[in-house]
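Trainee: Build out the structure end to end from the sequences listed, making use of the hints.
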Amino acid sequence: MKRTLVVALLLLTVVLGAVSSVGAQDALPAFNLVVWSSDGESNDVVLVEQFNVWAETAAPGSTIELVSKETEALRNDILTAGLAGSGLPDLILGPNDAIGVFEDAGLLQPLDELFDISLYPFNIGAAQVGGMTYGVPTNAGNHLMLMVNTSLVSEIPQTWEELIATARAVEEANPEIQGFAYNLNEPFWFLPFVHGFGGSTYAEDGSMVLDGEAWVSAYQFVHDLKFVEEVVPQECDYACANDLFKEGSVAMILNGDWALSEYLDVEKSPALGENLAVAAWPTLANGAHPMPFTAGKFISIPTTTADAQLAGAVAFTTWLTTDAAAVETYSIGTGRLPAITAVAVDAMTDPILAASNAVLATGVGMPADPTLRCMWDSVRPSLEGVMSDSMTAEDAAMESQIAAEACLEG
Amino acid sequence: MNTRKSSNQITLGLGAVLALVGLILTFVNQMNWFWFMAGAWLGLLVWQPTHWVLVSYSIISVYPVLRVISISLRPTANLLSRSLAIIPPNATFESYVVLFLEEEFLLWIWNSFSITMVVASVGVIVASTGAYAFSRWRFPGRRPALIFLLTTQMIPAGMLIIPIFVIVAQLQLTNNIIGLMLAYIATAIPFSIWILKGYYDTIPPDLEEAAMVDGCNRLESFWRIILPLSTPALSIVFLFNFLGSWSEFIVAKVILQANSTQTWPLGFNEMIGTFSTDWGKYAAGSVIVTIPVLLLFLWQSRYLISGLTLGSVKG
Amino acid sequence: MEFSGLDLNTVIQTLTKILPILVGVLVGSLALQFVLYQFLHKVVKTKHALPYTLLAPAAIAIVAFLLYPLGYNTLLAFSELKRSTFPCYSPVAIGECELTHLYGLDYGFANFRDVFFRVRDGEILGWGRLLRTADSTFPVLLQRTALWTGLNVIFHFTIGLGLALLMNQKIRFKGIYRSLIVLPWAIPSVITALTWKQEFHAQYGFVNVMISSFGGQPISWLDDPVLAFVAVVFVNVWLGVPFYMVMLLGGLQSIPADFYEAAHIDGANARQSFWTITLPMLRPIIIPAVTLDVIWTFNKLDIIFIISGGGPQEKTNILVSALFNAAFGPAATQQLGFAAAFSIVIFFILFIFAVIWITSSGGLKEIYDR
Numbered sequence: 001m002k003r004t005l006v007v008a009l010l011l012l013t014v015v016l017g018a019v020s021s022v023g024a025q026d027a028l029p030a031f032n033l034v035v036w037s038s039d040g041e042s043n044d045v046v047l048v049e050q051f052n053v054w055a056e057t058a059a060p061g062s063t064i065e066l067v068s069k070e071t072e073a074l075r076n077d078i079l080t081a082g083l084a085g086s087g088l089p090d091l092i093l094g095p096n097d098a099i100g101v102f103e104d105a106g107l108l109q110p111l112d113e114l115f116d117i118s119l120y121p122f123n124i125g126a127a128q129v130g131g132m133t134y135g136v137p138t139n140a141g142n143h144l145m146l147m148v149n150t151s152l153v154s155e156i157p158q159t160w161e162e163l164i165a166t167a168r169a170v171e172e173a174n175p176e177i178q179g180f181a182y183n184l185n186e187p188f189w190f191l192p193f194v195h196g197f198g199g200s201t202y203a204e205d206g207s208m209v210l211d212g213e214a215w216v217s218a219y220q221f222v223h224d225l226k227f228v229e230e231v232v233p234q235e236c237d238y239a240c241a242n243d244l245f246k247e248g249s250v251a252m253i254l255n256g257d258w259a260l261s262e263y264l265d266v267e268k269s270p271a272l273g274e275n276l277a278v279a280a281w282p283t284l285a286n287g288a289h290p291m292p293f294t295a296g297k298f299i300s301i302p303t304t305t306a307d308a309q310l311a312g313a314v315a316f317t318t319w320l321t322t323d324a325a326a327v328e329t330y331s332i333g334t335g336r337l338p339a340i341t342a343v344a345v346d347a348m349t350d351p352i353l354a355a356s357n358a359v360l361a362t363g364v365g366m367p368a369d370p371t372l373r374c375m376w377d378s379v380r381p382s383l384e385g386v387m388s389d390s391m392t393a394e395d396a397a398m399e400s401q402i403a404a405e406a407c408l409e410g
Numbered sequence: 001m002n003t004r005k006s007s008n009q010i011t012l013g014l015g016a017v018l019a020l021v022g023l024i025l026t027f028v029n030q031m032n033w034f035w036f037m038a039g040a041w042l043g044l045l046v047w048q049p050t051h052w053v054l055v056s057y058s059i060i061s062v063y064p065v066l067r068v069i070s071i072s073l074r075p076t077a078n079l080l081s082r083s084l085a086i087i088p089p090n091a092t093f094e095s096y097v098v099l100f101l102e103e104e105f106l107l108w109i110w111n112s113f114s115i116t117m118v119v120a121s122v123g124v125i126v127a128s129t130g131a132y133a134f135s136r137w138r139f140p141g142r143r144p145a146l147i148f149l150l151t152t153q154m155i156p157a158g159m160l161i162i163p164i165f166v167i168v169a170q171l172q173l174t175n176n177i178i179g180l181m182l183a184y185i186a187t188a189i190p191f192s193i194w195i196l197k198g199y200y201d202t203i204p205p206d207l208e209e210a211a212m213v214d215g216c217n218r219l220e221s222f223w224r225i226i227l228p229l230s231t232p233a234l235s236i237v238f239l240f241n242f243l244g245s246w247s248e249f250i251v252a253k254v255i256l257q258a259n260s261t262q263t264w265p266l267g268f269n270e271m272i273g274t275f276s277t278d279w280g281k282y283a284a285g286s287v288i289v290t291i292p293v294l295l296l297f298l299w300q301s302r303y304l305i306s307g308l309t310l311g312s313v314k315g
Numbered sequence: 001m002e003f004s005g006l007d008l009n010t011v012i013q014t015l016t017k018i019l020p021i022l023v024g025v026l027v028g029s030l031a032l033q034f035v036l037y038q039f040l041h042k043v044v045k046t047k048h049a050l051p052y053t054l055l056a057p058a059a060i061a062i063v064a065f066l067l068y069p070l071g072y073n074t075l076l077a078f079s080e081l082k083r084s085t086f087p088c089y090s091p092v093a094i095g096e097c098e099l100t101h102l103y104g105l106d107y108g109f110a111n112f113r114d115v116f117f118r119v120r121d122g123e124i125l126g127w128g129r130l131l132r133t134a135d136s137t138f139p140v141l142l143q144r145t146a147l148w149t150g151l152n153v154i155f156h157f158t159i160g161l162g163l164a165l166l167m168n169q170k171i172r173f174k175g176i177y178r179s180l181i182v183l184p185w186a187i188p189s190v191i192t193a194l195t196w197k198q199e200f201h202a203q204y205g206f207v208n209v210m211i212s213s214f215g216g217q218p219i220s221w222l223d224d225p226v227l228a229f230v231a232v233v234f235v236n237v238w239l240g241v242p243f244y245m246v247m248l249l250g251g252l253q254s255i256p257a258d259f260y261e262a263a264h265i266d267g268a269n270a271r272q273s274f275w276t277i278t279l280p281m282l283r284p285i286i287i288p289a290v291t292l293d294v295i296w297t298f299n300k301l302d303i304i305f306i307i308s309g310g311g312p313q314e315k316t317n318i319l320v321s322a323l324f325n326a327a328f329g330p331a332a333t334q335q336l337g338f339a340a341a342f343s344i345v346i347f348f349i350l351f352i353f354a355v356i357w358i359t360s361s362g363g364l365k366e367i368y369d370r
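Residue numbers (my numbering), protein chains in the order written: chain A, 1 to 410; chain B, 1 to 315; chain C, 1 to 370.
Simulated from the structure, these hints should not be mistaken for laboratory data.
Hints should not be assumed to be uniformly reliable.
As the list claims (entries may be wrong) - Within a straight-line C-alpha distance of at most 30 Å, the following computed DSS-like cross-link-like pairs (lysine-lysine) qualify: (1) C:K197 - A:K226; (2) C:K197 - A:K268; (3) C:K170 - B:K5.
From a predicted model like this one, the values you see are computed outputs, not experimental measurements.
Mentor: The following block contains the structure:
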């Protein structure tokens, strides 16, 4: 009896010892992590907080230096630093099209060996080039949705006709308030219309085709929204739509998931907070929803990250994207959808996230192909022409195709 | 004399009438003061044409500044508005306070200030001796060198950005304000030499000759006599270099990446980024960074005119 | 102890970095000059020892930070540096390098040719597109740059001269006027550019609020190519007038009054004395001022970049803004070899023009004979 007890105690000690040594992983040595991010300041603040939470136990004494940059600036600065051979950050957090560009320049490390790629089935494809993975998603999305101020709009419009009527009703009831606005001349806001009319950037054979019927219909549609229906302001860029929405001077806008954390914070958006609702794009005359591009925000690692920084970066990224609490705070907490369990989020009770997820499911995956750049840059002048009523829809489509072909050649 | 006086009275009368018409139209149009201002303005045109031109142009010069000030005083809730009032209703210094508390504004100012002071000082030091050489001696290579200095003014933006970045990176000086200083100094020197040479040209060589007769050698006469005399030009060169580096943005953006080394143009650029534009903070910051420039400018303004022209007008 | 990002530590750190530099430059240039002088005077025994010595610090700074980067830029123009060949040129990029040589005349030829023409299979197809649209070809950009420069300089000069003439009279409030008119020059151009950009906004800008106040239709300035160009020219003229006014006023004040009196006695009226006395006497000031202004305006990037970004539809780009957009803008393709060649072409155009202007206006004598 005594012997059994002693053996049991011994076994227990051994087991306990094994368990505790498994639980307490070896903490990493302290390191400094330099991150360049184009995710937006309010989201970056949460990232820094999460790093500190993680570092406390996993790598005590570590520090993070996060630089928030604009998307264009991020791209240019990475390339210039890469050329000089020094000054690259340890981690890059950005959209997936930047990944295509950086990979083409040979500045990113392949991540297949460093991470368990099978954990991110939903949108890992958006960060894969030539069969290798160059980015790990921190969230799934980056998609545009209809966002509504429910204190001004009681019923969320389901079709564009309803939206136009709703916008007009709001303006009649409140002369100082604009019914609807969005980033008018930015191609990223225009492509969903093209997708809604059945078009796409690449044809079946992979060539770029920007002058199909769907494109012309889309140009015509956005042109008419401004000049025929007069339901959008004469001039509106991202700042205009964003700022006015936050202060309650615009009732409905089209914006992306990155802005949700700011809109849900009443301090930053005095008119929103609880009054925010998110919905799918209203349907077009043909019954289809305009479909936004979807991808997410990705963490990629430059070639110069090594040793302690690399180990720390990999460990932190793995934790950030897989640990339940981290995902809860960073991905979901900032209004985005986690890449890991994106598909299984149907049962989410939060109406905003559920709506966001619904839109995500109907979106079009954005490839990391660097030639996509040619499409964006060719569509922009055409869109500007159409939105200033100085170009017909047909000419716009034709011009963008010519420009794209010239871009692809050179 | 009588006709002059009476024509003056006529124009004054006409002007007053126009202003009155404006006032009436204001009442008619629901106190829309634009009509009164328009009337008064036309009245001034009739009464004192010279002053009208100067006043009009002064208004055009000043108005954007006033707008920035008024945006900085708006309560942060209504930053985008159609109001043209200079002092907005509910004016508050909130934006200024928020600027200091929420952004690392002082750090930016400090970085800009240190860089600018070094660049301006070094520019003056290096250019003063160089310009003197161009002014007082004819040596082989003088003409091509002067033409070269003028040519460097023609270098387009963009031509030097990448090379400078690569060089600074190879010297491991990125993110280091010293790297930026080097870049600014290099581009400041040609213009500084240009201005100083013009100034030295106006000082007659007799002064140095007199000094040398008294026993000084050339260097001493430069040091003791010419330099003190050139204080106006030296301070103008300092001013120009200061102005040039204080608000420079593009090269700074390429070289300085980290938050700890940002100058105020970089900080502002971040503030007004695509994601969230806080115009109140931006306007408050603009007002603050303009003040030292304005003060320097006004203090130097008497030197400014004489210094720039003395080099060109033959005695 | 940190307030607004700044604490005592940072201040001290910066000072410890800067003061040695300042002292070092001062001491270093003195030491350098001393040694150099001894060398030139005693060893080489040239009679130009002193001027060369005095020039040495400036020369070294210029060689190191102007000539070396210029040289590097020229080298880049003869390279095939673009995104896909990064691994060949960058020490940290991974990947295969498929180039047989890094720098070469063939690359240089191709880069310079691409600035002008669009080539497929060795055949010249037409003018090359420097950005995306058909408006970004070399001849169009050159034309627009000439138009931009010409309009700006003409308005700068005429308005500046007009103001200077008015200010040269005996009037009250001169000091106030001068301080106010000089304001655009004193304020950092980044701020004024952004402010004016807001003022041209379709709904909230001052310009349109005034227009709608008087019952007109607000105009989308920055949406229309012609109006956007008008807007940027307006802002640049606004910025440049003070410089001319200050220069010309100084010149006017140094014209002796006796000249005008003598002319008056001889029967000349105001207009005749303007053309025969004022303008000729202002010539030594006008020529350097206009020369500098042409050079600066030709290369003026920030106004166009900040206000219109070169748009809409790339129709307000001038050569330098197109260069910047091609190298760093949203449509950038990171073809840095090409961008370097483009920058050299722009430089030469300005250089040729400046040479023609300076020699024809006799300004060259101004430069080296004084």
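Trainee: Please go over all the hints and tell whether each is borne out by the structure.
Mentor: Consistency of the hints with the structure:
1. C:K197 - A:K226: With Cα atoms ~22 Å apart, K197 of chain C and K226 of chain A stay inside 30 Å; holds.
2. C:K197 - A:K268: 25 Å, holds
3. C:K170 - B:K5: 18 Å, holds
In this structure, none of the earlier numbered hints is contradicted; all agree with it.
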